[in-house]
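Undergrad: Sequence:
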Amino acid sequence: MVEIWAHRGAKAEAPENTLAAFALAIDAGADGIEFDVQLSSDGHPVVIHDETLERTTDGEGWVKDHTLAELLALDASGGVEEFAGEPIPRLEQVLALIAPTPLRANIELKNSEVDYPGLEEAVIAAVEAAGMSKRVVYSSFSAESVQRLAQLEPDAEVALIYSRPPVRPLRTAQALGASGLHPDRRLFPGAGWVGRAHRRGLAVRVWVVNSADRMTKLIRAGVDGFFTDDPRLAVSVRDAATASKVTR
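Okay, so the sequence shown: first residue is 1 according to the numbering used here, each after it adds one.
The hints are simulated quantities; they were obtained by calculation from the structure and are not laboratory data.
Please note that the accuracy of each hint is not assured.
Claimed, not checked - Distance windows between CB atoms, simulated:
#1 E144 / R200: 41 to 47 Å
#2 G190 / G43: 38 to 44 Å
#3 A23 / A175: 34 to 40 Å
The C-beta atom is built at its ideal place from N, Cα and C for all residues, glycine as well.
Could you put together the complete structure from these sequences and hints?
TA: Put into structure tokens, the structure is as follows:
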């Protein structure tokens, strides 16, 4: 069955990358939750997408320049009054929320723009401490980080994300030791390409997909999963596609 991954949580219903958004994704019936991790200036993994604070919090400046205490004091509601006071989560908090559920986690390491020495090790340590090693997909836009993750955790699922296609993406992924590819929806080549990826042992998960029509096309193309801001809609689309297939 095609997996539905809640992109930064149920982003259509709550501020992205917050515990509220993740709880709503669980409630919506998603199969997994995707979120982004960076390091505070004192080396703690925190869950936030942008390298700077202005868009999603009431803070200013670079994430990397703030201590954990400073980051946790910020409001990450993105100005949505209903969720005022939602903090930036620690990685450990998100894993603790997901661990009792059947969901998986896709942890995107945000190290393609900012170099975070030790980010891979910090994330892996937190995952192991939470007992989530078998339920995590690690991903990054950084080829170097993907390769490092694959070397550090040879049995883990590691995926290369891209919005600009690398030369021969299937071969590139294999050369890095990756087990999956996460292409931008605009670069998705179709069912034939999915078949070629699967023959090489590579999973295909597409981002970010929010229209019912595109979700249906991806399901029919046989992708392993897709990332969406609206997991509630995606679950209903998948259920309809499954029912349609059964009644044929």
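Undergrad: The structure should be examined with respect to each hint, and the outcome stated for every one.
TA: Okay, the hints, checked on the actual structure:
One distance hint, 41 to 47 Å for the beta-carbon pair E144 and R200, is violated here, with the actual separation near 21 Å. Between G190 and G43 the C-beta distance comes to about 43 Å, which sits within the given range of 38 to 44 Å. At roughly 39 Å, the beta carbons of A23 and A175 sit within the given window of 34 to 40 Å.
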